[in-house]
Amino acid sequence: MKRNIPLILAFITGILVVISEFIPHRPFSMMITTLQDWFMIISGFAILLGQISLFQSNLARIKAREEGWYFYLAGLISFCLMLGFGLLWGTQEFKGLAGHGSNVQNWLGNKPFDYLFEYAYMPLSATLFSLLAFFIASAAYRAFIIRSFESNLLMITAVIVILGRTSFGGMLTSWLPENLKFWHLPNLSDFIMEFPNSAAQRAIMISAALGIIGSSLRIILGIERSYLGGDK
Amino acid sequence: MSGGLLINWRIAKSVQSGFGDPLLLYKGVNMRKLATIIFFLWGINALLCASHLFTVSDVPWDDGKALQIEWKVPADTIYLQKADSLGAWTTIYAGSQSSYRDTDLNPDLVYNYRLLVPRPAFQDSMAFMAKAKPREQWFYLHKLSYLLILLAVSLAVLYYVHGARRGKDYFIRRISGLDSMDEAIGRATEKGKPILFVPGISDLDDIQTIASLTILSHLAQKAAEYDTALIVPCRFSMVLSASREVVKEAYLKAGKPDSYREDRIFYLTDDQFGYVAGIDGIMVREQPAANFFLGSFYAESLILAETGFSTGAIQTSGTAQASQLPFFVVSCDYTLIGEELFAASAYLSRDPQQLGSLKGHDFGKLLVIVFIILGVIMEIAGWHGFKAFFEGAAQ
Chain P
1 MKRNIPLILA FITGILVVIS EFIPHRPFSM MITTLQDWFM IISGFAILLG QISLFQSNLA
61 RIKAREEGWY FYLAGLISFC LMLGFGLLWG TQEFKGLAGH GSNVQNWLGN KPFDYLFEYA
121 YMPLSATLFS LLAFFIASAA YRAFIIRSFE SNLLMITAVI VILGRTSFGG MLTSWLPENL
181 KFWHLPNLSD FIMEFPNSAA QRAIMISAAL GIIGSSLRII LGIERSYLGG DK
Chain Y
1 MSGGLLINWR IAKSVQSGFG DPLLLYKGVN MRKLATIIFF LWGINALLCA SHLFTVSDVP
61 WDDGKALQIE WKVPADTIYL QKADSLGAWT TIYAGSQSSY RDTDLNPDLV YNYRLLVPRP
121 AFQDSMAFMA KAKPREQWFY LHKLSYLLIL LAVSLAVLYY VHGARRGKDY FIRRISGLDS
181 MDEAIGRATE KGKPILFVPG ISDLDDIQTI ASLTILSHLA QKAAEYDTAL IVPCRFSMVL
241 SASREVVKEA YLKAGKPDSY REDRIFYLTD DQFGYVAGID GIMVREQPAA NFFLGSFYAE
301 SLILAETGFS TGAIQTSGTA QASQLPFFVV SCDYTLIGEE LFAASAYLSR DPQQLGSLKG
361 HDFGKLLVIV FIILGVIMEI AGWHGFKAFF EGAAQ
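Residue numbers (this note's numbering), protein chains in the order written: chain P, 1 to 232; chain Y, 1 to 395.
Certain hints may be false.
If you want the footprint, here are the derived chain Y segments under chain P, 3+ residues with CB under 8 Å [said to hold, decoys possible]:
1. 95-102
2. 147-157
3. 272-285
4. 293-305
No wet-lab data here; the hints were simulated from the structure. Note that beta-carbon positions come from the ideal geometry of N, C-alpha and C, so glycine has one too.
Given these sequences and hints, build the entire structure.
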C-alpha cells in the first residue's frame with residue numbers, strides 16, 4: 001500500500017499533465033500551473049527540512065572536531081548572521097522585526113543584510129565563477145593534446161574557432177580575395193558553429209527528448225520504481 | 001465574429017440638408033421619398049461593406065485568450081481602440097498594418113473594438129465598430145504533429161515492453177559509463193575512500209534529477225553491499241528528502257539497514273556557486289575515490305569536474321545539457337551523453353521490461369531520422385507543407 005499510493009498518484013498526475021498539454025480548455029488549461037503552485041508550496045515547507053539538515057550535519061562535525069571543523073563553524077556563523085540581520089532589519093524595501101534600522105543604515109550605508117550580500121556574498125560568488133577561466137584553460141590543454149586522429153581534428157577545429165572569434169584571426173586572413181571569403185577565419189568559425197556544431201547539439205537534444213519520453217512513460221506506468229527507493 | 005457599423009456623419013448630414021424641403025418635386029418624382037430610399041440603400045450597403053472591412057474573430061484552436069482583428073481599409077495610419085469595462089476607449093494599436101492579435105484576454109468575455117481611419121481631406125475620421133468573444137477550444141491544433149510523434153514513440157515503447165514481458169530478448173548496446181560503475185565502487189572500496197554522488201543542481205521537478213535518483217538507487221545498493229561510504233550533497237530540500245529515501249531503501253534492499261548513515265546525505269545550500277564551493281571542499285578534504293556527477297548541470301560543471309580530476313578520483317558524469325557535455329567529456333573518465341542518462345536505470349536494473357522500453361527509444365530515433373530525410377527531400381522539392389506541419393508544434 002505504501003508503494004501503491006505513490007504509483008497511482010504518479011500515474012494519474014502524469015496522464016493529466018500530458019493531456020493538459022494538448023487541451024486548452026478549462027480545467028486542463030489550469031492544471032499545469034496549479035500543480036506547479038502545489039510543488040512550490042511543498043518546496044516551501046521542505047526548506048525547513050534543509051535548514052535542519054544543515055545545522056545537524058555541521059554541528060555534528062564541529063562536535064566531533066573533524067578535520068577543518070572551523071570551516072563548518074564559519075558556515076554556521078555566516079548562516080546565523082544573515083538570518084539574524086534579515087529578521088531584525090529586513091531586506092531593501094521590507095522591514096524586519098526592529099523596523100528599517102535607520103541608524104544602522106546611516107552607519108553602514110545599507111541594511112546589514114544587503115551590505116553583507118553585496119560586499120561579502122557577491123564577491124565570493126564572482127570569485128568562484130571566475131575560477132572557470134583557469135579551469136577552461138587547463139581542460140582545453142588536456143583536450144587538445146594530440147593523441148589520436150580525433151583529438152587532432154578537435155585541436156584543429158578549436159584553433160580555427162578560437163582564432164575566428166578574435167580580431168587577430170580576422171587580420172590573419174583579411175588578404176584573401178572575395179571568391180575565397182569562405183576561408184576567412186571568422187567566416188569559417190561561424191560556419192563550424194552554425195552547421196556541424198548545431199547538428200551535433202541537436203542530435204543530442206533529440207535523443208535526450210526521446211529519452212525523456214521513455215523515462216516519463218516508465219515512471220507513469222510504474223515500470224520504473226527505483227526513484228521511490230525500490231521495486232517492491 | 002461580429003461585423004462593423006460604418007458611421008459617416010458628413011455624408012449623412014449632406015444628404016439631410018440637400019433634401020430638406022419636404023415638398024420638393026421634380027418631374028413628378030417625390031424627391032424626399034427618393035432621398036429616403038437612397039439613404040436607406042446606402043445604409044444597407046455601408047453595413048454590408050463595413051462587416052467585411054473590419055472584423056474581429058476568435059483565434060481558433062487556442063486557450064480562449066486571443067482575438068484576431070483584421071481590417072481592409074486603405075489608410076496610412078489607423079487607430080485601433082478597445083473599450084474597457086467602463087466603456088472608455090483606449091488605443092491599443094496605431095500604424096499601417098492590416099491586422100492585430102489581441103492577447104492575454106479572458107475567455108467568454110465580450111470585447112468591443114473601434115477602428116478609427118483618419119480622413120485628412122474632410123478633417124474627420126471614419127469609425128468602424130466590432131465586438132467578439134474569445135472561446136476556449138478543446139484541442140491545440142498546432143500541436144497535432146507533437147501529439148502524433150508522442151503517440152508513435154509511446155506505442156513503440158509499450159509494444160517493446162509488452163514483447164519483453166512475453167520473454168523476448170532485446171539487444172542493448174554497451175554503455176561504458178554505466179559498466180564502469182562497478183569499477184568505480186570497487187576502487188573506492190579498495191582505497192577505503194568514500195563515493196561522492198552529485199544529483200545535479202535542479203530541483204525534483206526536473207526529469208534529469210529523477211533520472212539521477214534512479215541511478216543513485218542502484219549505486220547506493222552496490223555501495224551498501226561493499227560497505228563503502230556514500231556522500232550525497234543536495235542543493236534543494238526536496239531532492240534531499242527524496243535522496244535520503246532512495247538511499248535508505250537501497251540499504252534495506254542490500255540487507256544492511258544499519259550501515260545507512262543519514263548524515264552522509266545532506267543539504268548544502270540553494271545557491272549555485274555556494275553549492276559548488278561546498279562540493280569542491282568535500283572533494284579536497286575527503287578525497288573521494290569515485291565521483292558521480294549525474295543530473296542537470298550548468299556553468300558549474302567544469303569547476304566540479306576539474307576539481308575532481310585534480311584529486312585523482314575516477315569520475316563518471318551524465319547530463320542532457322548539450323552545452324555542458326564537452327566540459328564533462330574533457331574532465332571525466334566516463335560521460336553519459338543525453339539519453340544515456342535516462343536509459344541508465346533500465347540498463348543497470350537489467351529488468352526485461354525496462355530494457356524493452358529502451359528499444360522504444362531506438363524506434364523514436366529511427367522515426368526522427370526518417371522525418372529528417374523526408375523533410376529535406378520535400379524542402380528541396382519545394383513542398384513546404386511537411387515542414388510547416390512540424391513547425392506548428394514549436395509555436
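Here's how the hints hold up against the structure:
A count of 0 residues in the stretch 95-102 of chain Y with a Cβ less than 8 Å from any Cβ of chain P is obtained; the coverage claim is therefore unmet, three being the minimum. Three residues within the 8 Å Cβ limit are the bar, and the stretch 147-157 of chain Y against chain P gives 5, so the coverage statement holds. Interface restraint, the stretch 272-285 of chain Y with chain P: holds (6 residues with C-beta to C-beta distance below 8 Å; minimum three). Coverage of the stretch 293-305 of chain Y by chain P holds. Counting CB-CB distances below 8 Å, 4 residues qualify, and the rule asks for three or more.
When held up to the earlier numbered hints, the structure conflicts with hint 1 and nothing else.
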